[in-house]
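**Q** Protein chains in written order, with the working numbering: chain A, 427 to 679; chain B, 23 to 230; chain C, 4 to 264.
If you are wondering where the hints come from, they were derived from the structure by calculation, not from laboratory data. A portion of the hints provided could be inaccurate.
[Said to hold, decoys possible] Pairs of lysine-lysine, DSBU-like flavour, derived with a Cα cap of 30 Å: (1) C:Lys234 <-> B:Lys99; (2) B:Lys136 <-> A:Lys677; (3) C:Lys57 <-> B:Lys99; (4) C:Lys236 <-> B:Lys136; (5) B:Lys159 <-> A:Lys677; (6) B:Lys99 <-> B:Lys226; (7) B:Lys159 <-> A:Lys595; (8) C:Lys207 <-> C:Lys189.
[Stated by the list, open to error] Residues of chain B placed beyond 10 Å of chain C at every Cβ, according to the derived structure: (9) Asp69; (10) Glu87; (11) Tyr91; (12) Gly153; (13) Lys226.
C-beta atoms are modelled at their ideal positions from N, C-alpha and C, and glycine is treated no differently.
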Amino acid sequence: MPDMTSLAHPQQRSFNPYSENGGTILAIAGADFSVIAGDTRQSEGYSIQTRYAPKVFRLTDRAVLAVNGFAADGNMFVKKVKQRLEWYRHAHSKDMPLRAIARLIQTMLYARRFFPYYVYNILGGIEEDGTGAVYSFDPVGSYEREACRAAGAAQSLVQPFLDNQIYFKNQTPALGTSHPAHLPLPTVLSIVIDSFTSATERHIEVGDGLEMYVVLAKGRNLQGLEGVRGMQELTVTDDGERVFVVRRDLKKD
Amino acid sequence: MSIMEYNGGSVIAMVGKDCVAIASDLRLGNQALSISSNFQKVFPVTDRIYVGLPGLGTDVTTLRERFRYRINMYTIKEEREIEPETFAHLVSSTLYEHRFGPYFIEPVIAGLSKTPSGGVKPLIAAADLIGCLNFAKDFVVAGTASTKLLGVAEGLWEPDLEPEDLFETISQTLLNSVDRDAFSGWGAVVHVITKDSIISRTLKGRMD
Amino acid sequence: MARRYDSRTTIFSPEGRLYQIEYAMEAISHAGTVLGVLAKDGVVLAAEKKVTGKLLDLSGEGGYGGSGEKIFLLNSNVIGGVAGLTSDANSLVNYARTAAQQHLLSYNEDIPVELLAQRLCDMKQGYTQYGGLRPFGVSLLYAGYDPHYQFQLYHSDPSGNYSGWKATCIGANNGTAQSLLKQEYKDDILVKDAIALVLKVMSKTMDSTTLGSEKLEFAVLTLDESTKQPKAKIYKPSEIDALLRAEGLAKTDGDTEMKSA
Chain A
427 MPDMTSLAHP QQRSFNPYSE NGGTILAIAG ADFSVIAGDT RQSEGYSIQT
477 RYAPKVFRLT DRAVLAVNGF AADGNMFVKK VKQRLEWYRH AHSKDMPLRA
527 IARLIQTMLY ARRFFPYYVY NILGGIEEDG TGAVYSFDPV GSYEREACRA
577 AGAAQSLVQP FLDNQIYFKN QTPALGTSHP AHLPLPTVLS IVIDSFTSAT
627 ERHIEVGDGL EMYVVLAKGR NLQGLEGVRG MQELTVTDDG ERVFVVRRDL
677 KKD
Chain B
23 MSIMEYNGGS VIAMVGKDCV AIASDLRLGN QALSISSNFQ KVFPVTDRIY
73 VGLPGLGTDV TTLRERFRYR INMYTIKEER EIEPETFAHL VSSTLYEHRF
123 GPYFIEPVIA GLSKTPSGGV KPLIAAADLI GCLNFAKDFV VAGTASTKLL
173 GVAEGLWEPD LEPEDLFETI SQTLLNSVDR DAFSGWGAVV HVITKDSIIS
223 RTLKGRMD
Chain C
4 MARRYDSRTT IFSPEGRLYQ IEYAMEAISH AGTVLGVLAK DGVVLAAEKK
54 VTGKLLDLSG EGGYGGSGEK IFLLNSNVIG GVAGLTSDAN SLVNYARTAA
104 QQHLLSYNED IPVELLAQRL CDMKQGYTQY GGLRPFGVSL LYAGYDPHYQ
154 FQLYHSDPSG NYSGWKATCI GANNGTAQSL LKQEYKDDIL VKDAIALVLK
204 VMSKTMDSTT LGSEKLEFAV LTLDESTKQP KAKIYKPSEI DALLRAEGLA
254 KTDGDTEMKS A
C-alpha cells in the first residue's frame with residue numbers, strides 16, 4: 427500500500443504575524459464638534475479575549491484616534507503617534523493641528539509599506555478653523571477627510587446606515603426644505619448608539635461595551651451634553667477645546 | 023471568485039402590520055461587467071406569496087421554473103393555493119435534493135397566510151443554498167449586499183409598520199445597502215403585499 | 004417453467020384482434036357518459052356522474068383541479084373528461100398533469116393540446132404491447148386551446164389511438180348521443196349555443212329523468228377577452244344548478260323523489 431501522504435502536494439508551515447481582533451469603530455463630524463466611538467470587545471476567532479479593551483484614545487485636547495484591526499499593531503501605533511506628538515510639543519511649544527496629525531499618520535503608516543500596521547485608523551477632532559473633522563485611513567496610509575466613517579468588523583453593516591442618516595443619501599427633502607448640512611450633537615449621539623446596538627445584534631464580534639469620545643470646539647458651550655449620564659471630562663489644557671468620554675453597555679452575547 | 027458572487031444581486035423581505043414587503047435590485051453582471059439592469063429576481067408564486075432568488079443567474083431562472091412546475095401540480099391536485107409556510111418547506115426540500123451539487127441561490131420568501139377568522143398572518147423566510155430555513159419575525163436578507171442589508175435593516179426596522187411606512191423602510195434599506203455594494207444595484211423593485219392587493223413599484227436609485 | 008401462465012395479456016387472437024383492448028372498451032361502455040362539443044369561441048364538456056348518493060361527502064371547494072370523478076383540469080389550457088375505470092383514470096390524469104408541467108419546464112409554454120393527447124396515447128399504446136400489463140380501461144376527451152390551432156377536442160381510447168372531433172361522446176349511450184350530435188351540430192356554433200346543445204343531448208342520454216348538479220359535471224374552456232389566455236372553468240355544483248335554471252332545464256318540484264314517510 428503506497429504511503430498516501432507522499433502523494434499529497436507540498437505543504438509549508440509559517441508564522442502568521444497578524445491576527446484579527448474584531449470590534450468596530452465609528453466617527454462623525456458635526457459643525458463644531460466631533461464624535462469618535464468604538465466598542466470595547468476584543469476577540470480572536472470565536473473567543474472573547476476581553477470585554478474591555480479600549481480602541482479609542484485621546485491624543486490631544488483636539489484630537490482623538492480610534493484604531494481597529496490587529497490590536498497589537500493598533501496599541502503600538504497609538505503609542506508611537508503619541509510619542510511623535512510629544513516631540514512636536516517640545517519642538518514647537520504647541521499642540522499639532524489636526525490636519526497635520528492626519529498627514530503625520532499617513533507618513534508613519536506608509537513608512538511600513540512592506541510590513542504594514544494591520545490597523546484601520548479613524549482620527550477625529552477639531553480643525554484649526556474650529557470645524558469638526560474626521561479623517562479615515564487604510565493600513566498603508568491612504569487618507570481622506572470625511573463627515574463620517576465606520577470601520578472594522580461591522581463596517582458593512584454600519585456605513586450604509588450612516589450614509590442614509592448622516593448624508594441623507596436616497597432621501598429627497600420635503601418641498602421647500604433642504605437637508606441640514608450638519609446634525610446637532612444629541613442626534614449624532616443617538617445615531618452612534620443605534621449603529622452600535624444594531625451592529626451588536628447582527629455581528630458576533632461586536633458587543634460588551636461602547637466608549638464614545640466627544641470633542642468640542644473652542645468656545646462651544648456644553649449644549650447637547652446636558653444630562654448625559656456618566657459623562658467624564660478628559661480635557662487637560664485650558665486652550666479651549668474640550669474632550670469628554672461617555673461609556674455605555676452593549677449586549678454581552 | 024465565488025460562484026454566489028458571479029452575477030451579483032440582493033433581495034430583502036420585511037414584516038409589517040398585516041402586510042409583508044419584498045424587494046430586490048435589478049442588476050445582472052458578469053463579475054465586474056454589468057450586463058442587464060432589468061433582471062427580475064422576485065417572482066409571484068400565488069396571489070399572496072412572492073419568492074426572491076438572488077445568486078447565480080442561470081439558477082434563478084431554473085429554480086423559478088422548477089417552483090412553477092411544483093406549484094402548478096400542487097394547485098391542481100390540492101385544488102387550492104399553497105400556503106406560505108408550506109411553500110417555504112417546498113423550497114427547502116427542493117434545495118436539499120441537490121445537497122451535494124447545490125443550486126447557487128439563497129431564496130427569500132414573503133407571504134400572507136390565511137387565518138381561520140378571515141384575517142392574514144404575515145410570513146417571511148429565508149434559506150441557505152442547501153435548504154436550511156430561517157423563519158424570522160422581522161426581516162430576512164440574501165445576496166451580495168446581505169451584510170449591508172442586515173446592518174441598515176437592523177437600524178431602520180421597527181415592528182407593526184403600516185404598508186406605506188413599510189414601503190419607505192424597505193426601500194431606504196435596499197437603496198442605501200446596494201449603493202455600498204459594487205455587485206448589486208442598477209435599479210430596484212419593491213412589492214408590498216396586503217390582504218387586498220399587491221402594489222409593485224420600481225425605485226429611482228443610483229444607476230452606477 | 005410455468006408455461007400455462009406465460010402468455011402475455013396483450014396478444015393477438017387468431018382473427019387478428021386484441022381482445023384485451025376490446026374488453027377495456029367494453030368496460031368503458033358501462034361508465035358514465037362524457038360529452039364534448041367544439042365551438043368557435045370555446046369547448047364545452049359535460050359528464051354524467053355514476054357515483055352518487057346522500058352519503059357522499061361533496062364538501063370540497065373544487066374549482067381548481069375539478070372536484071368530480073369525471074372532469075379534471077389537466078393544465079391551464081386543457082380540461083380532460085374521463086370514462087371507464089376511475090382508478091385507471093386518476094393515474095392517467097396524474098400522468099397528463101406531469102406531462103404538461105414537464106413541457107412547460109422545457110419550453111416555457113403551455114403544452115399544445117394534440118401533443119398532450121399524444122403523450123398519453125404513447126403511454127397507453129405501450130401497455131398494449133410491452134410488459135405483460137393490462138391496458139388502461141379509460142377513454143378520455145381532451146378539451147383545450149393553444150395558439151397554434153386554437154380550440155380543439157380530442158378523444159383517446161385504451162388502444163392508444165386518438166382523433167380530433169368537432170363533437171363526440173364516450174361512455175354509456177354514446178351511440179345515441181353521437182347520432183344526436185351528428186344531426187344537431189353546426190359548424191361555427193358559439194359557446195352559448197354549444198352549452199345548450201350539450202345539455203339537450205345529455206338530458207336525452209342520461210339515465211336519470213332530469214338534469215341536476217348531483218348527477219352532472221360541467222366545464223367550459225374559453226379565451227379571456229383581456230388577457231387572451233385560455234380560461235378553464237369547471238362548474239361548481241351551485242353553478243351547474245344556476246346554469247340549468249337559466250337554460251330552463253332545472254328540476255321542478257314535481258320531479259323530486261318521494262319523501263320518506
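**Q** If a hint holds in the structure, say so; if it doesn't, say that too.
**A** Here is how each hint holds up against the structure:
A C-alpha spacing of about 18 Å is found between Lys234 (chain C) and Lys99 (chain B), which places the hinted pair at or below 30 Å, so the restraint holds. A threshold of 30 Å between alpha carbons decides the hint, and for Lys136 (chain B) with Lys677 (chain A) the separation of about 37 Å lies outside it, so the pair is violated. Our distance criterion of 30 Å between C-alpha atoms is met by Lys57 (chain C) and Lys99 (chain B), whose separation comes to about 25 Å. Distance restraint check for Lys236 (chain C) and Lys136 (chain B): the Cα-Cα separation of roughly 24 Å lies within the 30 Å cut-off, and the hinted pair is therefore satisfied.
Restraint check for Lys159 (chain B) and Lys677 (chain A): satisfied, since their Cα atoms lie roughly 20 Å apart, inside the 30 Å limit. Only pairs whose Cα atoms come within 30 Å are accepted, and Lys99 (chain B) paired with Lys226 (chain B) is rejected, the gap being roughly 42 Å. For a cut-off of 30 Å, the pair hint linking Lys159 (chain B) to Lys595 (chain A) stands: about 27 Å separates their Cα positions. Between Lys207 (chain C) and Lys189 (chain C), the direct Cα distance comes to roughly 19 Å. Compliance with the 30 Å bound is thereby established for this hinted pair.
Listed as a non-interface residue, Asp69 (chain B) keeps its Cβ farther than 10 Å from every Cβ of chain C; the least gap is roughly 13 Å. Distance check on Glu87 (chain B): its Cβ comes as close as 5 Å (rounded) to a Cβ of chain C, failing to clear the 10 Å threshold; non-interface status is violated. Consistency note on Tyr91 (chain B): stated as away from chain C, yet its beta-carbon is not over 10 Å from all of that chain's, at 4 Å minimum. The non-interface label for Gly153 (chain B) is consistent with chain C: the shortest C-beta to C-beta separation is roughly 20 Å, beyond 10 Å.
The beta carbon of Lys226 (chain B) sits about 29 Å from the closest Cβ of chain C, which is more than 10 Å, so the claim that it is off the interface holds.
Hint violations for this structure: numbers 2, 6, 10 and 11, all remaining hints satisfied.
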